[in-house]
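Chemist: Residues per chain, in single letters:
2 protein chains.
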Amino acid sequence: MNALNSISAYETLKSRFHRLAALQGAQSVLHWDRATMMPEGGAKARAEQQAALAMICHDMLTSPQLAELVASAEETASSLPEWDRANLAEMRRLLVHANATPADLVERLARQRSETEMVWRHARAANDYASLAPGLDKLISLAREQAAAKADALGLDPYDALLDGYDPGRRSVEIDRLFAELESFLPSLLQEVMKAQKAAPQPLAIEGPFPIALQEKLGREIMGVLGFDFQHGRLDVSHHPFSGGVPDDSRITTRYDESDFTESLMGIIHETGHSLYERGLPEEWRHQPVGRSRGMTIHESQSLLFEMQAARSSAFVGWLTPRLKAAFGGEGPAWSPENLLRHYRKVGPSLIRVQADEVTYPLHVILRYRLERAMIAGELGAADLPAAWNEGMRRYLGITPPDDASGCMQDIHWPSGSFGYFPTYTLGALAAAQLFAAAKTAVPGLEEALGRGDVAPLLGWIRENVHGRGSSLMPDDIIASATGGPLGTGAFRRHIEVRYLGR
Amino acid sequence: MNALNSISAYETLKSRFHRLAALQGAQSVLHWDRATMMPEGGAKARAEQQAALAMICHDMLTSPQLAELVASAEETASSLPEWDRANLAEMRRLLVHANATPADLVERLARQRSETEMVWRHARAANDYASLAPGLDKLISLAREQAAAKADALGLDPYDALLDGYDPGRRSVEIDRLFAELESFLPSLLQEVMKAQKAAPQPLAIEGPFPIALQEKLGREIMGVLGFDFQHGRLDVSHHPFSGGVPDDSRITTRYDESDFTESLMGIIHETGHSLYERGLPEEWRHQPVGRSRGMTIHESQSLLFEMQAARSSAFVGWLTPRLKAAFGGEGPAWSPENLLRHYRKVGPSLIRVQADEVTYPLHVILRYRLERAMIAGELGAADLPAAWNEGMRRYLGITPPDDASGCMQDIHWPSGSFGYFPTYTLGALAAAQLFAAAKTAVPGLEEALGRGDVAPLLGWIRENVHGRGSSLMPDDIIASATGGPLGTGAFRRHIEVRYLGR
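So the sequences go chain by chain: A and B.
Each residue of the first sequence is one higher than the last, beginning at 522 in this note's numbering.
Each residue of the second sequence is one higher than the last, beginning at 522 in this note's numbering.
Simulated from the structure, these hints should not be mistaken for laboratory data.
Using N, Cα and C, we set each Cβ at its ideal position, and we do this for glycine too.
Just to be clear, a hint being listed does not mean it is correct.
Beyond 12 Å from chain A on every Cβ pair, some chain B residues (computed) [stated by the list, open to error]: (1) Met558; (2) Ala568; (3) Pro585; (4) Ala592; (5) Pro602; (6) Arg614; (7) Glu666; (8) Pro689; (9) Phe751; (10) Asp770; (11) Leu845; (12) Phe849; (13) Glu900; (14) Ala977; (15) Gly1006.
Calculated lysine-lysine pairs in the DSSO-like style (CA-CA distance at most 30 Å, straight line) [to be verified]: (16) A:Lys738 - B:Lys565; (17) A:Lys846 - A:Lys738; (18) A:Lys535 - A:Lys719; (19) A:Lys565 - B:Lys659; (20) B:Lys867 - A:Lys565; (21) A:Lys535 - B:Lys738; (22) B:Lys867 - A:Lys659; (23) B:Lys535 - A:Lys719; (24) B:Lys659 - A:Lys738.
Could you put together the complete structure from these sequences and hints?
Modeler: Below, the structure written as structure tokens:
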């Protein structure tokens, strides 16, 4: 094929991937609707819709003609501008991943995911693990089947093959190393922090109730301050908070508790971080592979950058306090910045991952990582999960869940077929600490600005160094180019020591 | 091809059309979301999603392989059970329609529809026809292009070719005849009714405000009474009320006016009628062409059967009155069944079609029918529409719109690219009157049951005679088999004479 044909092959690819991105956007909206709006009786029809769309996308990515077009475009890749070259490389990556899973398995997975996720909603509410187990077992089998197929095609270990789909280039050998480091210092650090907090003044109770309408109003106000644009997004309610939709129509969700506003507010800030990342992706590459977000570790680093690094800083909480008081009519010593910080930084073992503090959170993730590796290795099935879970909770956190609803059923990930996703939460936490440290060094006055409720300096830096990169670099290259070094545990450790032990 | 292959061809077709139906269901959810949930800034991305889905569906329907499968299956059609035969015939019909429009035109139409519909939302709110006109002009041109292409392929007049897409088998020559009949008696009947109403006691004002939350609560209550299942559906708000979603996840919308509950309540009942039709379609044919609703005339007959025939009957309003009083705390003579009937049956020329009474409504539709025929014939463009509209309003109803917002911009149909749809409103009204008369004859005690808020007798009859037919018969055959005669103006005329003149 001559150079002219090769160039036109790339142009054809761009138009194919543009359509693919639009269909994936449609999927994302359907997913959001299912979690927020859909009546229960719509589940079966929705599963059909999602499976049909998944199949169409899979068919597009695995068509022999597409492979030919990519091969042809690659012949003159070196003459393409840098971003187009990265775009083509990303097309190849998506194509390899899609071809690694047989079409019928894609369809079975999509169907089982939709079904089991709906079952999970009931099972968790009713603390009825027995009703979830059969579907979960099927999903574990399907995930193993997928891991084996992908391992074959990608030349990777089965778990790594799944991981690579969530976090391109990530390997478990590296996770093992980072998690071993965390396990080496985090338990003793946790004991130190708990000891220090025991000796310090205890948080005063902040008395509710906090009407949901007021919590929502405050949430929207803070979203606006952080740069969320309601012309391009919504805030709604779902069982499991998430950030979905598409970059220019960003749908974030939260859940409210009338007796406690702190969780939903930080949850909103967390999802806003995800949303800002999507909105900040390079606009000129909107419907192209290189314009997409760069995997879940980077994604989680963006939510945690806002939730854990920025919003729980003394500076920001100082700015936030009078707004909280105004929102809920709060008065007295419980509504001081110091007391709010004590609440927002309270550390200790707890049952629920999404409510965990940032010191114990990695231990929740390490447990899930070990369990899902065992599932994919064929060493753990749904029947033995509750016991293995509870044993792990005792080992890592010294507590035993009273039931499965607050134990192995708490997360949506496995019931929705996501295996290989969990580690990215903690990798994201490490990245967030590293990025925030780099941002503070690079941008003088960044923390002072947070004290004025001004996130512009932080957002400016992160848009340039992370959001604006799209998928033009691999995740670790984004981190290295933004922070000057590879992803490690150092910045996270220092962050914990400074924030919780004042070192 | 031998008989065995022909049978397997039909089975393959069923699986293809199953996927197609799932994708069309996805489209329907995206359409609902756009009208109810989507932030404005999401319009461009949504247009891409909808266009991509439209293209995928069009590609599926126009693939040469599908045509071969249909041809092959048709070879042994005579040996198929009746419903499968009808299913295959419907597959052929959909295929012929899809192939009649070139792929690039489908894509241009989908894009222009999404864009112009969003523009219309602003333009109507701002009474700014100038901002709508360019997009509308493009849509008219595209619709003419489509009509010409379809006319060629289907061997029909261009306008009939569009009409056939909304109401299978419908031809303008028949509409011309029915509308001529209406024009022959309706204006004089209208004068008589207005004269009679002038001589009768005038409706007492029902004083508001009626808080939206209470209107919504009442609306949901009445929906439940009519048989709407909230496990399989939702009620939301949109600019232009509609019924969408899929049979097992039915999404209806309304709009509220704090100073008047009557419109939103009847609007909800109207959309509930549409929704009940979809839910009542034969469940065993859910994702097959023969399981779909049978065009817009039958659809509108179902909404009007509930709104105009059942819910505005003396019996039902008698049952409804105490519920209205309880909902809004109403008391006194204005809240009597007689006074409510006077409101619900007030007749007179008005500007807005969706608020028009059932006597003048056909005149609104006849105007739109004449205008859109002129547009498709190339005799009327967007620039001349306001003048033509206003002249028509004077001719048919004797009034002149003060502005385009309450004139030619009031409806979403043309801005969303629907030409050939309007006549089905009035054909549906004729069918509703004919069906209700037949139901009352067939089911003794039907009206008395309505007086107890019991729609079961009506619903039972209509499910058997209309809903359960799916697309196994042509629209006029459904009407003829349910009512014993062809669609005509007789039952409608009698209905008007009985209800408004007590004849």
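Chemist: Work down the list of hints and note, for each, if the structure agrees.
Modeler: Evaluation of the provided hints:
Listed as outside the interface, Met558 (chain B) is inconsistent with that label: its C-beta sits roughly 7 Å from the nearest C-beta of chain A, within the 12 Å cut-off. Its closest Cβ contact with chain A, about 9 Å, brings Ala568 (chain B) to no more than 12 Å, contrary to its assignment away from the interface. The claim that Pro585 (chain B) lies off the interface holds: its Cβ sits roughly 16 Å from the closest Cβ of chain A, which is beyond the 12 Å cut-off. With a minimum CB-CB distance of about 24 Å to chain A, Ala592 (chain B) clears the 12 Å threshold, and the non-interface call stands.
The Cβ of Pro602 (chain B) sits about 24 Å from the closest Cβ of chain A, beyond the 12 Å cut-off, so the non-interface label holds. Every C-beta of chain A lies more than 12 Å from that of Arg614 (chain B), the closest at about 22 Å, which supports listing it as non-interface. Glu666 (chain B), annotated as away from the interface, keeps every beta carbon of chain A farther than 12 Å; the closest lies near 23 Å. No beta-carbon of chain A is positioned within 12 Å of the beta-carbon of Pro689 (chain B); the least distance is around 24 Å.
Non-interface call for Phe751 (chain B) relative to chain A: violated, since the shortest CB-CB distance, roughly 6 Å, does not exceed 12 Å. Non-interface status of Asp770 (chain B) relative to chain A is broken: a Cβ of that chain comes within 12 Å, the nearest being about 3 Å off. Every C-beta of chain A lies more than 12 Å from that of Leu845 (chain B), the closest at about 27 Å, which supports listing it as non-interface. Non-interface call for Phe849 (chain B) relative to chain A: holds, since the shortest CB-CB distance, roughly 23 Å, exceeds 12 Å.
Once the 12 Å rule is applied to beta carbons, Glu900 (chain B) is consistent with being away from chain A; the minimum gap is 37 Å. For Ala977 (chain B), the non-interface assignment is confirmed: its Cβ lies about 20 Å from the closest Cβ of chain A, beyond the 12 Å cut-off. Every Cβ of chain A is farther than 12 Å from the Cβ of Gly1006 (chain B); the closest lies at roughly 37 Å, confirming the non-interface assignment. Note on Lys738 (chain A) and Lys565 (chain B): the hinted pairing holds, with a Cα-Cα distance of about 28 Å set against a maximum of 30 Å.
Restraint check for Lys846 (chain A) and Lys738 (chain A): the C-alpha separation of about 13 Å stays at or below 30 Å, so the hint holds. Our distance criterion of 30 Å between C-alpha atoms is broken by Lys535 (chain A) and Lys719 (chain A), whose separation comes to about 59 Å. For the proposed pair Lys565 (chain A) and Lys659 (chain B), the alpha carbon gap of about 39 Å is over 30 Å, so the pair is violated. A threshold of 30 Å between alpha carbons decides the hint, and for Lys867 (chain B) with Lys565 (chain A) the separation of about 44 Å lies outside it, so the pair is violated.
The suggested pairing of Lys535 (chain A) with Lys738 (chain B) is violated, with an alpha-carbon distance near 49 Å, which exceeds 30 Å. For a cut-off of 30 Å, the pair hint linking Lys867 (chain B) to Lys659 (chain A) is broken: about 61 Å separates their Cα positions. Between Lys535 (chain B) and Lys719 (chain A), the direct Cα distance comes to roughly 67 Å. Violation of the 30 Å bound is thereby established for this hinted pair. Taken as a hint, the Lys659 (chain B) and Lys738 (chain A) pair is broken in the structure, with Cα atoms around 42 Å apart against an allowance of 30 Å.
Going down the numbered hints, you'll see the structure goes against 1, 2, 9, 10, 18, 19, 20, 21, 22, 23, 24, while the others check out.
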